[in-house]
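Join the two chains, each given in its own frame, into one complex according to the hints.
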Amino acid sequence: MENGAKSWAFRGTQKLSAKQSKDPKQKVTIREALDKLMGNLNEDDDRSVIPLGHGDPSAFPCFRTSPVAEDAIVDAVRSSKFNCYSPAAGIPPARRAIAEYLSRDLPYKLSPDDVSVTLGCTQAIEIIITALARPGANILVPRPGYPLYEARAAFSNLEVRHFDLIPEKGWEVDLDSVEALTDDNTVAMVIISPGNPCGNTAETARKLGIIVIADEVYSHLVFGNKQFVPMGEFGSIVPVLTVGSISKRWIVPGWRLGWIATNDPCGLLKQTGILDSIKKYLNISSDPATFIQGAIPKILENTTEEFFSNIINTMKEDADICYSKIKEIPGIACPQKPEGAMSAMVKLNLSLLEGINDDMDFCAKLAKEESVIVLPGIAVGMKNWIRITFAIEPVFLAEGLDRIKSFYERHAKKL
Amino acid sequence: MENIVKKWDSKVNSASDISVTARGTLSMLMQHLNEEDKRPVIKLSQGDPAAFPCFRTSHAAEEAVINALRSAKYNCYAPFVGIPPARRAVAEYLSRDLPYKLSPDDVYITSGGAQAMEIILSVLAGPGANILLPRPGFANYEARCAFSNLEVRHYDLLPEKGWEVDLDGVKALADENTIAIVIINPGNPCGNVFSYEHLKKIAKTAIELGLLVVADEVYGHLTFGCTPFVPMAVFGSSIPIITLGSISKRWSVTGWRLGWLVTCDPTGTLQKSRIVECINSSLKIISNPVTFIQGALPQILDLEKTNSDYFSISTSLLKEATEILCDKIKEIPSITCPTKPEGSVFAMVKLDFSQLEDIDDDMDFCVKLAKEESVIVLPGVIVGLKNWLRISFATDPKYLENGLERVKSFCKKHSKKHFY
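Respectively, the protein sequence lines represent chains A and B.
Under numbering that gives the first Met the number 0, read the first sequence as residues 0 to 414, first letter to last.
Under numbering that gives the first Met the number 0, read the second sequence as residues 0 to 419, first letter to last.
Please keep in mind that the hints were generated in silico from the structure rather than gathered at the bench.
Each hint should be verified, as a subset may be incorrect.
Below, computed lysine to aspartate or glutamate pairings styled on EDC-like, alpha-carbon distance capped at 20 Å [to be verified]:
(1) B:72 to A:70
(2) B:37 to B:371
(3) B:411 to B:351
(4) B:385 to B:360
(5) A:206 to A:167
(6) A:14 to B:150
(7) B:72 to A:69
(8) B:407 to B:359
(9) A:367 to A:43
(10) A:80 to B:395
(11) A:297 to A:99
(12) B:72 to A:392
(13) A:326 to A:338
(14) B:370 to B:35
(15) B:415 to B:404
(16) A:35 to B:104
(17) B:349 to B:163
(18) A:367 to A:401
(19) A:412 to A:353
(20) B:283 to A:31
(21) B:203 to B:175
(22) A:14 to B:276
(23) A:346 to A:171
(24) A:382 to A:357
(25) A:80 to B:62
(26) B:385 to B:359
(27) B:370 to B:357
(28) B:304 to B:91
(29) A:35 to B:276
(30) B:170 to B:150
(31) B:411 to B:357
(32) B:370 to B:34
(33) B:283 to A:34
Given the structure is predicted, the values throughout are model-derived calculations rather than measurements.
Only chain B is shown next, with the shape it has when bound in the complex (with noise of 0.2 Å):
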């Protein structure tokens, strides 16, 4: 069979240039956990609190989906655009926090924003293209952007700003191959949220670069600071957008992979530039989400249904977590949080090497950590900074703070001696 394994020497193949991702860099970390470890390994990398009780999604959904299951009526087939019931439960839920309302027609039903980040970018995949994406971002962008063959062009995030988009840089960046801009808000990783105002020159910008915007929501609603959370769909209005959510973190249900592409196309120009026709194409050869679970949707969504105090216990388990964060931090002189985070998921830490010792860097740091204190955690340079590490506080309290105890004692023994 010499001949099957000759054919494949030479060729390069289409996925084989997948940039690696979190998913990805987290597996190889895991190998590197030394084995004789008793401790339990603690994990503060993917921003799953599905994975903790203290999390638990609704009663509600839980029943919604059950009782969808059991009626038997969702165990077809859905149309590839997704059923009417769902696609109308996530356009009320979506128009309650803008100034119009969303059509049905409007809503595309995904497997999980994952997919649906999926369908966007290779939509807008053209020969010459670009896309300009945060940096630090989340890599699974960048992953499929090199699988699309679409160029990518990260502007920065500012973290003397709090993380504001770096308008200037984006100005600078663009030119006329440059199609659109992810905006990722609440972000990831940075856990931050942007403000009316800032989300404003952010449309101002797009429009005047003749951009469209790829508002990624994900995070959507999962705010616990002073800034109120603000879709970009407010500016629609007057200018194209694409919004990608999913219930999959305000509801804690990661794995339950129901997510939404929304457009919005107020002047015409989704369809104009057969945007609209390609979403529709690129649905009709890929998988649908799970039929039931879309069925459940407007129970889900309906949130006088959900316990009230359903949002308010995880958005304050989520804060109280940030705290924490950043309490311990404090204590650690080799590292530094410059802002605290007021929505989604992560923190993105610095660290000091001047005060580090036998640390290369953070890729570095991070195989130490795993192998050393069994802690988990994502090296920086995987969502594009160097030397920060990003850090999910969705998990519980206590277990955060164990695994930020042993992350202190790890930067204690690898210190420069003089600072003990």
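Pulled out of the complex, with its shape left as it was, chain A reads as follows (with noise of 0.2 Å):
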């Protein structure tokens, strides 16, 4: 440096740097995996890309979110009344109204006090993951799952184990991993719904002194036989930590509104002091826009059946096309008909393909040659998988799955 000035003396911390990650699994989100597959798109196919890769129907007008929920927030704004700054876990209007909509679903009544308003349901994770975490624990995660949790926790220097969902059995949680994973370090197990949260998974937690988080930012998206149950219900037997937001099922993913609510009748969470480190991570942390939460009430309570029924039945519609499609592709399998959420794990047959190495080079060529974006599922954990989000445009889904076939018969293995 000129002036005989000292050099500079910063450095962006390792915590954040690529170069510490030399893990080839290093968690990339999903966004950055589309992001790239994005890059690969031939500029002169001039087809419309078909968006399979994450769960964000927002665009498509058939997904257009309730007017209740829009003029919710215009009444909010022009009010004028929420214009300031919130409390740290939210204003009480919103804290409640988040309150009584979760206890529709619950044995018990949640107080407000339960409930904590987020940026999202990622801030609601990356609270608690922080509020965690602590020198030598370890978590236990999903595998699929959603790699934010990995890499909140290695920020944060909390270790990460996996236990796995059995695809035969519709996914189920591998109770038997579950148990061999945990030693004394484990603190908690992520349980995202609608799955199967089910009795024996907090019997199973309770039993191996963990607590569960529950992510249910999927919940109500149900459409096949099985009900939606809330982990909460289950509060008296462990304590659950329920994230949530209005982003999946209003599909408003951009108005950043979820919440953190602890399902503990017992109050062991607050004996623990976990309920003091969220609180005291909240104080510090950005808080959702304040007339988002004012709107809340309004879009909590009346919100239409009509609404909902509309969009259940685009993605019973779609998951029934996705389903049905894929089977008359041989070169990959989906062993079990989606019924709820947007999304259905695909295993790919490779021996039957020729020239494709793994997932990520099938997504890839796959956006190159034919438009389509699905997400590789090494990016949620399961390598030569993929993930297809069918939450899109009947019609966009259909075409998108016929072009996977086309890829697929272009790629066969010649016999």
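Structure representation (structure tokens):
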């Protein structure tokens, strides 16, 4: 440096530096993986890109959010009563409305104090992982799962251990693997719903002395035979921290409104100081927009059943299309028809394909040759699987799957 | 379930040593309010103009947000760096005050200035590193540094010099592990505005010591005295600067949570030191600001669209408030205001305990004030100056006047008898 000045002392922290992660399986976020695939698209292909990679159908008119929700926001903005700072845990009307909303599905009533409003479910996860992190501790997360858990745990120096979901059993939790993984330093397990939260999982967690983090961001998005059951139902068996948001059910991921709810009638979360840690971290974190909090009571209370059933019906139609078209493609297999959420895990049979090395390669070539984006399973912990998000306009979904079929036929091993 | 409880007995949690913030202290003070007192509570504590109708945000801003929402184009996830129109709008807005043009790539959209601060501190934290923070300052910095295990060293702002930075003190504090200095301008909590010459000296000192300057300019343009606001980035052609800002204060929309972190990196130092890479990595694992508010940003920041009166009305309200503040403080023997605020929304005033009795310190003053007069102000110890008080004047003028009248009564009641 000139003028005999000292050289610059600052450096970007190792924790966030890509150089640090030599692990090839190192957590790439879903959006990063998708951005990379988008970079592979062929500019000369005039066809529209079919996005089957991430859970955001908001761009499609058939998935437009409820007018009740939009109106509620407009009212809140125009009232000018919600332009100010919010208390750390959220404004009381929002906490109350969320407590009532969640209590509809529980055998007990949540108090507004049991609810903290967060900047989307993403922040809810950030807060809980941070609050639980301590030297030497570990948490259990499902595979396939959601890579944000791994990324946040890595940042907080919290060890992650993976338990399996069993594809042949409808992605049920492999409770034996949960038991095998747990030791004295295991503090929590993450369950992502809708899936199969059930009494058995709660009993196992209780036996092992670990709390359950119930990720219910897809709550109520069920369209098969099974009913949505919140993990909080088993709150008296084992303490449950539920995270959720309006992003998926109302198709508004850009509104960034989520929550942490404590389902803990026995008060263990308080006793262990976990609630205190959550509160402290909330106090130094940025909050969700106050006017969106202000709109929450109307959004949760007044959205019509008609809106919800329209969305569910479209998703059911999508799930049917997805499952039946995949059956027609020999190189890929979907073990179970999706009954909830927005995606299906689909297994690749690479032995039937020529010139495709793995799931990443499959997705990269698919993007280039067919302008279809699907997520490589490695991003959610399942190498040589792919994740197809079917929640888009049904016509586009059908076209996307037809293009995947063409792709398969082009790459099929000649027998 | 004793085995669950046992696990948590001994281990210390990383979140548990977060030091106390203004927000936390103010909640605590609220608990001391006397329920029997029928008078409305007067809060001269949180710098939140949005809580008062007289500061209602511009009509253009409200309409911009509503239009963006109704377009249904912004209900989706945003790219983690922010949507391109928002980045472009911030780059253009800030470039108005600079001798060069910022690129949209230099701009990262964040959930308020708070999140921008969170990001840069987590990016800078490293084993053994230390950062220079002002005293008095903004307690959230200390809290975030504690959380990130980033050592804090405090440099003084000098009350006798209009709260200028003690640059000799800075030089004495810095060592080979000092990586950055945070400069808050316009000042929180002192309400001062640094002159161009002083900022130039700060920049020079930063070069000498090899420090990154983090310019916290959330109160940018909120000035009403003689000294104009000069962004630190005017020195951006010679030193790397990180600017933190938001629309919260200037537009009175503290609840909208829309801010920015802007990199100014003429010599490529921020790239080479991986700071830019780490900022990007950090953004990928945190939650991003509301997409439709980002969508509204081009209209909000388009100053031609905002009714030209809007800004002058709000700054004259603030100016009027500082007059009220200074006049009223003059009437209270046990309190002095050494420097009239020229910017931001806060003033630091000093307590003279030789004129007060039954009061131990500033914290005790504030607790008793809450209990006896239902007035909330922040004790200076929270911002690093014990036995001072931090008063917010971003309120309705009458409200401020009433509050200070009650403070006057309180001081009179507690005055050492021979002064009255």
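Right, here's what the structure says about each hint:
no. : hint           : result
1   : B:72 to A:70   : holds (16 Å)
2   : B:37 to B:371  : holds (12 Å)
3   : B:411 to B:351 : holds (13 Å)
4   : B:385 to B:360 : holds (8 Å)
5   : A:206 to A:167 : violated (26 Å)
6   : A:14 to B:150  : holds (17 Å)
7   : B:72 to A:69   : holds (13 Å)
8   : B:407 to B:359 : holds (18 Å)
9   : A:367 to A:43  : holds (10 Å)
10  : A:80 to B:395  : holds (15 Å)
11  : A:297 to A:99  : holds (12 Å)
12  : B:72 to A:392  : holds (16 Å)
13  : A:326 to A:338 : holds (16 Å)
14  : B:370 to B:35  : holds (10 Å)
15  : B:415 to B:404 : holds (19 Å)
16  : A:35 to B:104  : holds (19 Å)
17  : B:349 to B:163 : holds (17 Å)
18  : A:367 to A:401 : holds (16 Å)
19  : A:412 to A:353 : holds (5 Å)
20  : B:283 to A:31  : holds (8 Å)
21  : B:203 to B:175 : holds (17 Å)
22  : A:14 to B:276  : holds (11 Å)
23  : A:346 to A:171 : holds (17 Å)
24  : A:382 to A:357 : holds (8 Å)
25  : A:80 to B:62   : holds (15 Å)
26  : B:385 to B:359 : holds (11 Å)
27  : B:370 to B:357 : holds (14 Å)
28  : B:304 to B:91  : holds (15 Å)
29  : A:35 to B:276  : holds (17 Å)
30  : B:170 to B:150 : holds (17 Å)
31  : B:411 to B:357 : holds (12 Å)
32  : B:370 to B:34  : holds (9 Å)
33  : B:283 to A:34  : holds (12 Å)
Comparing the model with each earlier hint shows a violation of hint 5 alone; every other hint is respected.
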